[in-house]
Amino acid sequence: MIKPLQILNQNINNQVLVELRGGRGYRGILDGYDPHMNLVLRNAEEIMGNETKRKIDIAIVRGDNVIYISP
Amino acid sequence: MIKPLQILNQNINNQVLVELRGGRGYRGILDGYDPHMNLVLRNAEEIMGNETKRKIDIAIVRGDNVIYISP
Amino acid sequence: MIKPLQILNQNINNQVLVELRGGRGYRGILDGYDPHMNLVLRNAEEIMGNETKRKIDIAIVRGDNVIYISP
Amino acid sequence: MIKPLQILNQNINNQVLVELRGGRGYRGILDGYDPHMNLVLRNAEEIMGNETKRKIDIAIVRGDNVIYISP
Amino acid sequence: MIKPLQILNQNINNQVLVELRGGRGYRGILDGYDPHMNLVLRNAEEIMGNETKRKIDIAIVRGDNVIYISP
Amino acid sequence: MIKPLQILNQNINNQVLVELRGGRGYRGILDGYDPHMNLVLRNAEEIMGNETKRKIDIAIVRGDNVIYISP
Amino acid sequence: MIKPLQILNQNINNQVLVELRGGRGYRGILDGYDPHMNLVLRNAEEIMGNETKRKIDIAIVRGDNVIYISP
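Residue numbers (my numbering), protein chains in the order written: chain A, 20 to 90; chain B, 20 to 90; chain C, 20 to 90; chain D, 20 to 90; chain E, 20 to 90; chain F, 20 to 90; chain G, 20 to 90.
Each statement offered as a hint is correct.
Here are the computed lysine-lysine pairs in the DSSO-like style, where the Cα-Cα straight-line distance is at most 27 Å:
| id | chain 1 | residue 1 | chain 2 | residue 2 |
| --- | --- | --- | --- | --- |
| 1 | E | Lys-74 | D | Lys-72 |
| 2 | E | Lys-74 | F | Lys-74 |
| 3 | B | Lys-22 | C | Lys-72 |
No wet-lab data here; the hints were simulated from the structure.
Just so you know, these numbers come straight off a predicted model, no measurement behind them.
Kindly generate the complete structure, drawing on both the sequences and the hints.
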């Protein structure tokens, strides 16, 4: 048994995919997180549908809108 | 009488189906959970309508969007 | 005067109907609940409109989406 | 000055009308409530628009969706 | 500097207008409130657009849906 | 570094513009606030699109719907 | 590992881009924040789609509506 936040902890410095409500996603290196699942992503890209919409050096992604996070 | 989180606890390492708002579902092996019903699923697949949309090794599925979970 | 959770407590092992936002309902034997009105239903069926959409052995139904519960 | 929950308390065993978001209402005898304004209604009827949609012996109506309650 | 709840307190027994999400409003004598801005209105009328839709002797109006309150 | 509530505190008795979800805004003299960003506005006007829709002597504007506040 | 609020702290006095739900964004100098991710932006501009819609000297942007913040 492993808690969701432990999975985040194990994946610091790994690439993760974050899917949000509204058809929006972010892919980037996980630099950090907090208990609300707010995330810090480095070298991130924003994905709408299947297209990369923009590149973002550092993004704080708010946990409220998360559907799932996949390392 | 059994509490919802106990059902999750009994089903660690079993396959569960999670249905979310917006016609989206996940099926996978339950690896963990927390009191907010955030879930860790292993060998998961994302389901939209009746089709498998993608395979996901590990997914943290946020509890906020859950409609029901079925072991 | 009786509190809502007491009604749930009195109906453990009885059939209940749960209506959720979005035109969705569940009918099944109440196996348990928690203070957030998350429910455990056994021998449940999912109802959309007036049709049984699927049978579910055990369902954890999240309290957030509940409109009403009727024993 | 009277607090909203006191009004509920004074109306135990009286008929109340509960209007919810989404054009839905319930009318019934108030059997109980909790601090979240979750209500227990007895001999209730569900109202959509101006029509009685169904009769419900006992209904736990979740406070989250309430717009107003009128004794 | 005056806190929002103090304004409510000063207007007990005065007429207030409450505007809610969804184009709905209530006008009535303020009989009470709680820290969630749930209100008790006496001799109230429900307003949709610019028309009085119905008269309500006592209404508990839930604070969640409030946009603004005006004494 | 200055906290959001300090900005509100510095602008007591100044005119502020409050933009809410749903294309609605309020402009008025800031008389008070609380930690939820509920605001008290004096000599306020309600703005929809670019038009003044109505004048309001005192308005308690609920913080939940706020997008931004600008002194 | 770095927490989301630490990123905000490191970027006081730097320009940040804030994207909100509903296709709305703000770009400005970060003057402050609180634990709810409410932000104070100086010399801000509001962006809808790709156009600057208005200039705002000081804006308190509520954290609730944030999708991501990028320094």
